[in-house]
Amino acid sequence: MTKELIRLKVNGEWREVAAPPDKLLLDVLREDLGLTGSKRGCDDSSCGCCAVLVDGTPMLSCVAIASCYQEREITTVEGIAPTGELEPVQQGFAESGGAQCGYCTPGFLIATKALLDRNPNPSLEQIRDALSSNLCRCTGYMQIYESVKLAIEHAAARAARPATVGR
Amino acid sequence: MAPYSVIGKPLPMTDAPAKVTGLGKYTDDLAVPGMLYAKILHSPHAHARIRSIDTSKAEALPGVKAVATSRDAPTPYGILPIGHDECVFSIDKARYIGDNVAAVAATSAEIAEQALELIEVDYEILPAHFDPLKSMQAAEHWIHETKPHNIEKEYHHVFGDPEKGFADAAFVREERYYAGEVTHAAMEPHATLAIWAPDGRLTVHSSTQVPFYLHRTLSEVCEMPMSQIRVIKPLVGGGFGGKSEIIPLEVAAAVLAKKAKRPVKITYTREEVFYAHRGRPITIVELKMGLTRDGKISAVAARVVQDGGAYCGYGPVTVLYSGALLGAIYDISNVRYDGYRVLTNKPACGAMRGHGTVNVRFAFEAILDALAHDAGLDPADLRRRNLLKAPCFTANGLRVTSYGLPECIEKAVERSGWAEKHGKLPYGRGVGIACSHYVSGAANPIVRSNMPHTTVHIKIDRDAAVTLYTGASEIGQGSDTIQVQIVAEELGVRPARIKLVAADTELTPVDLGSYSSRVTFMAGNACLDAARNMRTQIFEALAQKYKCDASDFLAREDRITSKNGAGVDLPFEEGAAVAMEFRGALVAKGTYAPPEEARGGKFKGAGVGPSPSYSYSAQVAEVSVDTETGRVHVHRIVAAHDCGRALNPLTVKGQIEGSVYMGLGQALQEEMVWNNGRLMNPTLLEYRIPSTLETPEIESIIVESNDPEGPFGAKEAGEGSLAATIPAIANAIYDAVGVRINSLPITPEKVLAALREKQKKRSGNGGAR
Numbered sequence: 001m002t003k004e005l006i007r008l009k010v011n012g013e014w015r016e017v018a019a020p021p022d023k024l025l026l027d028v029l030r031e032d033l034g035l036t037g038s039k040r041g042c043d044d045s046s047c048g049c050c051a052v053l054v055d056g057t058p059m060l061s062c063v064a065i066a067s068c069y070q071e072r073e074i075t076t077v078e079g080i081a082p083t084g085e086l087e088p089v090q091q092g093f094a095e096s097g098g099a100q101c102g103y104c105t106p107g108f109l110i111a112t113k114a115l116l117d118r119n120p121n122p123s124l125e126q127i128r129d130a131l132s133s134n135l136c137r138c139t140g141y142m143q144i145y146e147s148v149k150l151a152i153e154h155a156a157a158r159a160a161r162p163a164t165v166g167r
Numbered sequence: 001m002a003p004y005s006v007i008g009k010p011l012p013m014t015d016a017p018a019k020v021t022g023l024g025k026y027t028d029d030l031a032v033p034g035m036l037y038a039k040i041l042h043s044p045h046a047h048a049r050i051r052s053i054d055t056s057k058a059e060a061l062p063g064v065k066a067v068a069t070s071r072d073a074p075t076p077y078g079i080l081p082i083g084h085d086e087c088v089f090s091i092d093k094a095r096y097i098g099d100n101v102a103a104v105a106a107t108s109a110e111i112a113e114q115a116l117e118l119i120e121v122d123y124e125i126l127p128a129h130f131d132p133l134k135s136m137q138a139a140e141h142w143i144h145e146t147k148p149h150n151i152e153k154e155y156h157h158v159f160g161d162p163e164k165g166f167a168d169a170a171f172v173r174e175e176r177y178y179a180g181e182v183t184h185a186a187m188e189p190h191a192t193l194a195i196w197a198p199d200g201r202l203t204v205h206s207s208t209q210v211p212f213y214l215h216r217t218l219s220e221v222c223e224m225p226m227s228q229i230r231v232i233k234p235l236v237g238g239g240f241g242g243k244s245e246i247i248p249l250e251v252a253a254a255v256l257a258k259k260a261k262r263p264v265k266i267t268y269t270r271e272e273v274f275y276a277h278r279g280r281p282i283t284i285v286e287l288k289m290g291l292t293r294d295g296k297i298s299a300v301a302a303r304v305v306q307d308g309g310a311y312c313g314y315g316p317v318t319v320l321y322s323g324a325l326l327g328a329i330y331d332i333s334n335v336r337y338d339g340y341r342v343l344t345n346k347p348a349c350g351a352m353r354g355h356g357t358v359n360v361r362f363a364f365e366a367i368l369d370a371l372a373h374d375a376g377l378d379p380a381d382l383r384r385r386n387l388l389k390a391p392c393f394t395a396n397g398l399r400v401t402s403y404g405l406p407e408c409i410e411k412a413v414e415r416s417g418w419a420e421k422h423g424k425l426p427y428g429r430g431v432g433i434a435c436s437h438y439v440s441g442a443a444n445p446i447v448r449s450n451m452p453h454t455t456v457h458i459k460i461d462r463d464a465a466v467t468l469y470t471g472a473s474e475i476g477q478g479s480d481t482i483q484v485q486i487v488a489e490e491l492g493v494r495p496a497r498i499k500l501v502a503a504d505t506e507l508t509p510v511d512l513g514s515y516s517s518r519v520t521f522m523a524g525n526a527c528l529d530a531a532r533n534m535r536t537q538i539f540e541a542l543a544q545k546y547k548c549d550a551s552d553f554l555a556r557e558d559r560i561t562s563k564n565g566a567g568v569d570l571p572f573e574e575g576a577a578v579a580m581e582f583r584g585a586l587v588a589k590g591t592y593a594p595p596e597e598a599r600g601g602k603f604k605g606a607g608v609g610p611s612p613s614y615s616y617s618a619q620v621a622e623v624s625v626d627t628e629t630g631r632v633h634v635h636r637i638v639a640a641h642d643c644g645r646a647l648n649p650l651t652v653k654g655q656i657e658g659s660v661y662m663g664l665g666q667a668l669q670e671e672m673v674w675n676n677g678r679l680m681n682p683t684l685l686e687y688r689i690p691s692t693l694e695t696p697e698i699e700s701i702i703v704e705s706n707d708p709e710g711p712f713g714a715k716e717a718g719e720g721s722l723a724a725t726i727p728a729i730a731n732a733i734y735d736a737v738g739v740r741i742n743s744l745p746i747t748p749e750k751v752l753a754a755l756r757e758k759q760k761k762r763s764g765n766g767g768a769r
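Chains F and E supply the protein sequences, listed in that same order. Last residue of the first sequence? That's 167 in my numbering, and every number before it is there in order. Last residue of the second sequence? That's 769 in my numbering, and every number before it is there in order.
Hints were generated in silico from the structure; no laboratory data involved. Treat the numbers as computed from the prediction; the structure is a model and nothing was measured. For every residue, glycine included, the Cβ atom is placed at its ideal position computed from N, Cα and C. Take the hints with a grain of salt, since some may be wrong.
As the list claims (entries may be wrong) - Just the calculated beta-carbon pair ranges, DEER-fashion:
no. : chain 1 : residue 1 : chain 2 : residue 2 : range
1   : E       : E110      : F       : L5        : 19 to 29 Å
2   : E       : Q759      : F       : N119      : 40 to 50 Å
3   : E       : D331      : F       : N119      : 45 to 55 Å
4   : E       : E697      : F       : A160      : 26 to 36 Å
5   : F       : N119      : E       : E686      : 23 to 33 Å
6   : F       : L5        : E       : E628      : 56 to 66 Å
7   : E       : A139      : F       : P21       : 55 to 65 Å
8   : E       : G34       : F       : A18       : 13 to 23 Å
9   : E       : L387      : F       : P120      : 28 to 38 Å
10  : E       : G34       : F       : P21       : 22 to 32 Å
Said to hold, decoys possible - To give an idea of the interface, some chain F residues facing chain E are shown, with a C-beta separation under 8 Å as derived from the structure:
no. : residue
11  : E78
12  : L86
13  : A94
14  : E95
15  : L131
16  : C138
17  : G140
Please construct the entire structure, taking both the sequences and the accompanying hints into account.
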């Protein structure tokens with residue numbers, strides 16, 4: 001199959017990939033760009049392990065044809081912490097047991113980030129709803145809710161931190 | 001000062017940063033130059049003789065580098081020494097839809113798949129066996145010729161005098177229970193990367209819970225010494241037992257790599273994961289229990305039939321656990337057990353969280369609830385009347401050292417509002433109680449020997465970094481973290497000083513693996529032993545230098561001090577440097593082997609069930625039942641678990657809640673649906689593991705009975721809670737609407753049918769509500 005040049009802005013940087021026009025976004029990320037953080041957990045878009053943000057909206061990269069996302073902005077789990085310091089959502093999951101085996105974690109982090117980006121202070125019901133497209137086989141979800149709540153606390157603490165810019 | 005500086009702290013898992021950044025590598029994330037992609041050809045027939053296989057067209061396809069069949073790997077293997085009945089590629093016949101026939105390694109997965117279609121297999125279709133009860137009566141076409149009537153194993157045990165026990169009973173019940181087949185559904189599909197090096201060595205990265213057993217099997221099947229094979233376990237995305245025996249792709253990748261002399265990766269599709277299976281079998285339990293007038297269990301008789309699928313796997317162990325774990329939870333003197341492991345033409349079953357006990361515990365706790373009602377006793381109180389008096393030995397020879405079940409019951413009853421709710425909620429809503437237990441590691445290894453079950457090494461060099469080399473397999477349960485905490489506490493250093501190297505057969509000593517909830521207890525005790533040995537070396541050197549006694553020193557949080565005014569107060573690195581002045585870089589070893597008296601009785605099958613210690617759990621579920629639709633909604637589950645001591649309460653709670661979650665799935669919605677050997681729901685869309693929307697609030701409560709032999713008193717936390725959840729829900733349904741559903745999963749259809757049946761039978765004033 002003739003390859004096509006696909007231009008994507010991935011985690012803040014423009015990347016170009018020559019790929020067959022039917023190649024899945026997940027495979028482009030994992031195989032062509034070496035971003036293996038996004039996982040394949042199922043064959044039928046039911047688990048959420050492959051979720052990425054496309055222009056800020058969570059999408060399943062295992063059912064997205066990469067060539068349909070020309071010039072779009074993609075954020076994977078590797079792009080959540082652009083500075084190298086863990087972001088609040090990552091701190092929350094690391095400290096509250098939200099990641100056990102960790103395989104579903106990238107998808108949960110993406111779904112949580114999308115939720116908190118649009119609603120920084122969700123109720124438990126809103127958290128439950130926002131995470132209902134992601135499956136976790138380890139936690140029973142309780143520590144994932146705790147992780148989201150801790151992420152909210154970390155974000156609030158960070159917002160209250162005196163600004164260091166301009167010194 | 002608190003007694004411990006590290007133990008009992010809710011430390012984040014050591015590998016959490018790798019997991020929340022996406023930088024941690026699981027097997028399928030690995031790629032090496034020249035790597036080939038392989039695919040496996042599976043049998044489309046449930047039972048068929050393989051007359052011939054022609055791979056010539058597949059081999060001729062450009063891009064194909066190797067095709068493997070049984071000719072390349074004829075050595076049979078199996079997790080149990082008594083069950084070497086499978087070959088990586090079927091030799092004589094295929095025994096289930098999905099059985100492995102051949103495999104292709106090619107330069108791309110697409111080419112490998114095309115090549116599979118070019119392999120010509122001449123099958124002679126044979127009559128197949130699907131129903132375990134019919135299969136065990138079969139007169140011909142046995143699945144394995146060496147297993148007459150398709151019975152893999154049967155065991156018959158009698159302890160005490162069951163007949164007298166039933167004669168003494170004031171209340172006797174006999175019920176039949178059915179549990180459908182369930183599977184692990186770990187989020188990470190199995191993957192293996194086998195790398196052949198020009199020097200003739202093989203390195204295998206695999207998603208396994210048992211690197212040591214994989215190492216052994218690869219050596220046997222590839223006909224290479226273990227010293228030429230290295231097995232590495234990268235991050236593993238959940239196991240739950242599904243990666244606790246050798247899975248065909250692991251051997252297939254190695255065989256292909258050896259043949260192609262190239263690296264080969266195989267990753268299962270989710271459908272292949274379902275067919276690889278090794279989960280919890282369909283189980284039919286015929287249970288009889290007697291109760292005296294004062295509420296003592298006077299006898300138990302259980303006949304258990306398990307539908308094991310086409311190969312032995314862990315089968316005999318599963319069916320033995322089902323019998324052995326009738327004991328060690330309540331005080332029961334009279335027990336009869338008849339267990340049958342039956343072969344059928346379906347994927348092999350195996351070990352799944354709560355191995356062997358779950359379906360029988362469902363039956364046991366449900367019949368106990370029914371007997372409580374017969375006797376007019378509160379179900380929680382009935383359980384209190386049958387407690388063990390630990391420490392003790394049970395009728396079947398199990399040694400119980402610590403026993404937090406009474407406190408688990410008290411906590412679950414108190415936190416759930418049991419007294420105000422049981423029998424008192426409005427029609428349609430109810431509460432149910434149930435208990436469970438599990439082993440803290442099997443006291444007898446799979447391959448019998450006197451070798452310790454775990455050995456660990458600790459190294460300290462000039463940087464004063466502590467490196468722990470352990471063969472134990474982190475699979476998401478937090479075992480790496482627990483081992484670091486144990487070493488940190490005992491050696492008196494901060495956890496950050498410790499670097500852990502794990503589960504790499506070239507670097508780490510033997511640990512038997514992550515199964516039977518053994519790692520905290522067994523690897524944990526080995527870590528404790530090694531840290532103590534290392535500490536002694538350092539203290540002895542300091543004693544020599546400061547002219548005092550080694551017992552005068554104390555190490556805690558990276559400082560070494562003298563206890564009785566000798567004035568020594570050193571940073572850990574200086575203390576370690578003193579020891580290195582005498583000895584050079586420091587090494588210490590620790591081991592663990594279960595004590596002789598914990599290894600069980602002498603009868604046939606006595607080897608399975610014994611453990612150095614048992615965990616306990618009591619749970620109360622609160623449910624609503626919609627009498628129009630039959631739908632059961634679980635509001636809340638209160639789960640109290642006796643883990644001896646919570647070395648890390650964060651990970652212990654994670655294990656309790658995860659176990660309850662998996663029990664919930666089996667109770668209400670998970671079931672593998674078979675049609676003539678074909679799985680009708682081999683996807684996560686149709687095999688419905690609970691999402692956030694179906695999972696209730698779980699309140700986990702830690703009970704600490706402080707086991708005398710566990711590391712810092714700790715015992716099992718990862719499996720024992722699962723089994724209580726299912727009967728707690730079933731018993732709550734009875735409390736809500738007065739029907740008993742003896743068949744799992746408890747679907748709306750079954751609830752509605754039972755409600756209608758009850759409606760029909762109802763006379764005048766009703767009886768049970």
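Now the hints, each set against the structure:
1. E110(E) / L5(F): 19 to 29 Å: 21 Å, holds
2. Q759(E) / N119(F): 40 to 50 Å: For Q759(E) and N119(F) the Cβ distance comes to about 47 Å; the hint holds.
3. D331(E) / N119(F): 45 to 55 Å: Given about 54 Å between the Cβ atoms, the range holds.
4. E697(E) / A160(F): 26 to 36 Å: 30 Å, holds
5. N119(F) / E686(E): 23 to 33 Å: Since the Cβ atoms of N119(F) and E686(E) sit about 32 Å apart, the hinted range of 23 to 33 Å holds.
6. L5(F) / E628(E): 56 to 66 Å: At 58 Å between Cβs, range holds.
7. A139(E) / P21(F): 55 to 65 Å: 58 Å, holds
8. G34(E) / A18(F): 13 to 23 Å: Between G34(E) and A18(F), where Cβ atoms are some 21 Å apart, the hint holds.
9. L387(E) / P120(F): 28 to 38 Å: Violated: the Cβ-Cβ distance is about 50 Å, outside 28 to 38 Å.
10. G34(E) / P21(F): 22 to 32 Å: 27 Å, holds
11. E78: At about 5 Å, which falls below the 8 Å cut-off, the nearest Cβ of chain E leaves the hint on E78(F) intact, so it holds.
12. L86: 7 Å, holds
13. A94: With a minimum Cβ separation of about 4 Å from chain E (threshold 8 Å), the hint on A94(F) holds.
14. E95: 5 Å, holds
15. L131: The hint holds - L131(F) has a Cβ within 8 Å of chain E, the shortest such distance being about 5 Å.
16. C138: At 5 Å from the nearest chain E Cβ, C138(F) passes the 8 Å test, so the hint holds.
17. G140: This interface hint holds because 3 Å falls under the 8 Å limit.
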